[in-house]
Amino acid sequence: MGAKWIKISVLYLVIVLAFGLFMHYTVQLEWKATHAHIGVVGWLTTGFIGLIYSIYKDAAETGLAKAQFWFYNIGLPFLFVGMMMVYIDVPRWLFELFVSGGGIAVAISVLFFVVNVFKYVRSTS
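With numbering that gives the first Met the number 0, the residue at position 120 of the sequence shown is 119, and numbering never jumps.
Read the hints as simulated data drawn from the structure, not as lab findings. Treat the hints with care, since some could be wrong.
Across the chosen pairs, the derived CB separations fall in these ranges [to be verified]:
#1 92 x 16: 40 to 48 Å
#2 32 x 73: 32 to 40 Å
#3 3 x 118: 18 to 26 Å
Calculated cross-link-like contacts (lysine-lysine; reagent style DSSO-like; alpha-carbon spacing at most 30 Å) [what the hints assert, rightly or not]:
#4 56 x 31
#5 56 x 6
#6 6 x 31
#7 31 x 118
Since this is a predicted model, take the numbers as computed values, not measurements. Just so it is clear, CB atoms sit at the ideal spot from N, CA and C, and this is done for glycine as well.
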C-alpha cells in the first residue's frame with residue numbers, strides 16, 4: 000500500500016510543477032492557493048502517508064487503510080477541480096458539490112488515517 004501512495008504522490012509532483020509553469024508563463028497568479036494545495040496535500044502529504052505505510056506494513060493492510068486510500072484519492076481530485084472553479088464561470092451548486100464533496104471525502108480519509116495510525120502503528124524497537 001505504501002508504494003501506491005508514493006507513486007500517486009509523484010504524479011502530484013509532476014502536476015504541481017506543470018501547474019506552476021502554467022501560472023508563470025500565463026501570469027495567472029490567482030491560482031496560487033490551488034497550486035499550494037496540490038503541492039502540500041497532493042505531493043507532500045500523499046508521499047508522507049506512503050512512507051508511513053511503507054514502514055508500518057501492519058497499518059497499511061487494514062480495511063481502514065484501504066477505505067482511506069479510496070476516500071482520499073477520489074476526493075482530492077474533486078477538491079482540486081472545485082478550487083479551480085472559483086476562477087471560471089460555473090454555477091455555484093457545481094462549485095460547492097466539488098469543493099464540499101471532495102473536501103469532506105479527504106477529511107474522512109484523514110480521520111481514517113488518524114485512527115489507523117493510533118491503532119496499528121507501534122514502536123519497532
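Hints versus structure:
At roughly 32 Å, the beta-carbon separation of residue 92 and residue 16 lies outside the given 40 to 48 Å, and the hint is violated. In this structure the hint that residue 32 and residue 73 lie 32 to 40 Å apart at CB is violated, the actual value being about 21 Å. Between residue 3 and residue 118 the CB atoms are about 20 Å apart, so this pair conforms to the stated range of 18 to 26 Å. Taking the CA atoms of residue 56 and residue 31, the gap is near 36 Å; set against the 30 Å cutoff, the hint is violated.
Proximity of residue 56 to residue 6 is assessed by CA-CA distance (about 17 Å); at most 30 Å being required, the pair is judged to hold. The suggested pairing of residue 6 with residue 31 holds, with an alpha-carbon distance near 24 Å, which does not exceed 30 Å. Between residue 31 and residue 118, the direct Cα distance comes to roughly 36 Å. Violation of the 30 Å bound is thereby established for this hinted pair.
Consistency note: the structure conflicts with the earlier hints numbered 1, 2, 4, 7.
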